[in-house]
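> Sequence:
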Amino acid sequence: MTKKTVSFCFDDGFLTSTEKTAHLFEARGLRASFCIMAAPDQSADTAHVDARFADWPLWRDLRERGHDVAPHGWAHERLGALTHDAACASIERMFARFAAELQGFAAERAIFHTPYLSMPPRLVDWLLDRCAAVRIAQRGAGITRQAIAQRSRQIDCITFGPDNVAAQAVTRIEDFRNADGDWLVLVLHGVDGEGWGSLALGELASLIDRCQELGFGIRPLAELLARDLPAQ
1101 MTKKTVSFCF DDGFLTSTEK TAHLFEARGL RASFCIMAAP DQSADTAHVD ARFADWPLWR
1161 DLRERGHDVA PHGWAHERLG ALTHDAACAS IERMFARFAA ELQGFAAERA IFHTPYLSMP
1221 PRLVDWLLDR CAAVRIAQRG AGITRQAIAQ RSRQIDCITF GPDNVAAQAV TRIEDFRNAD
1281 GDWLVLVLHG VDGEGWGSLA LGELASLIDR CQELGFGIRP LAELLARDLP AQ
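With the working numbering, the residue at position 109 of the sequence shown is 1209, and numbering never jumps.
Hints are computed from structural coordinates only; laboratory data are not their basis.
Because the structure is a prediction, the values reported are computed rather than measured.
There could be a bad hint or two in this list.
Cβ pair distances, simulated, as ranges [to be verified]:
hint: 1; residue 1: Arg1152; residue 2: Ala1127; range: 34 to 40 Å
hint: 2; residue 1: Asp1292; residue 2: Thr1102; range: 17 to 23 Å
hint: 3; residue 1: Asp1185; residue 2: Arg1163; range: 27 to 33 Å
hint: 4; residue 1: Asp1185; residue 2: Glu1274; range: 41 to 47 Å
Using N, Cα and C, we set each Cβ at its ideal position, and we do this for glycine too.
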């Protein structure tokens, strides 16, 4: 039987939250998935106004430290609000920036973490010809089977907010104990008041510790899919 595993994704790339989260995971011998925009300064999302985002030197450093740094759009556009051609062009522009900034990055090996967890089916199909997998909200509210996700290359996920994030997340973790699935993907954002759906760093630590108490593995998405990704 495959071990039940939780993947924590941290969307948007807020500077202070990223630094705190990385150190929290590293102190426990763990690694996280940081899902970032190629051009966060161009985002029109109200949660991003006046926000401080990490820059490429930090992302390169985090990759060297073993964390997963993954694409989350050019500027957090609602892809369903764009024409298909405009959405494809935005994603291609994002992939080009990642390839320029992160040594060894290849779109065909990347997991695309969908902004707002949603995009049109036609765009999903296009992306699956372009990259390794797509993280997108589906029917399982974040719980799926690793074998199904590896086969379909569509990874279910769930997020919480803007309030009571930790309480909702711990409820989902407890539900996962007896759920018919072996993979829970939690999408979080900032900590200590930074960004949309923020939770306290201590609350995040408690979520991680509870997962470990329950015997769940904690691994980045890319690590779980690594054996099925095309060779470099």
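> It remains to establish, for every hint, whether it holds in the given structure.
Hints versus structure:
Against the hinted window of 34 to 40 Å, the Cβ-Cβ separation of Arg1152 and Ala1127 comes to about 23 Å, which falls outside the hint. The supplied range of 17 to 23 Å is broken by Asp1292 and Thr1102, whose beta-carbon atoms lie about 34 Å from each other. Checked against the hint of 27 to 33 Å, the C-beta distance between Asp1185 and Arg1163 comes to roughly 31 Å, which is consistent with it. Between Asp1185 and Glu1274 the beta carbon distance is about 44 Å. The supplied range of 41 to 47 Å therefore holds.
When the structure is compared with the earlier hints, violations turn up for hints 1 and 2 and for no others.
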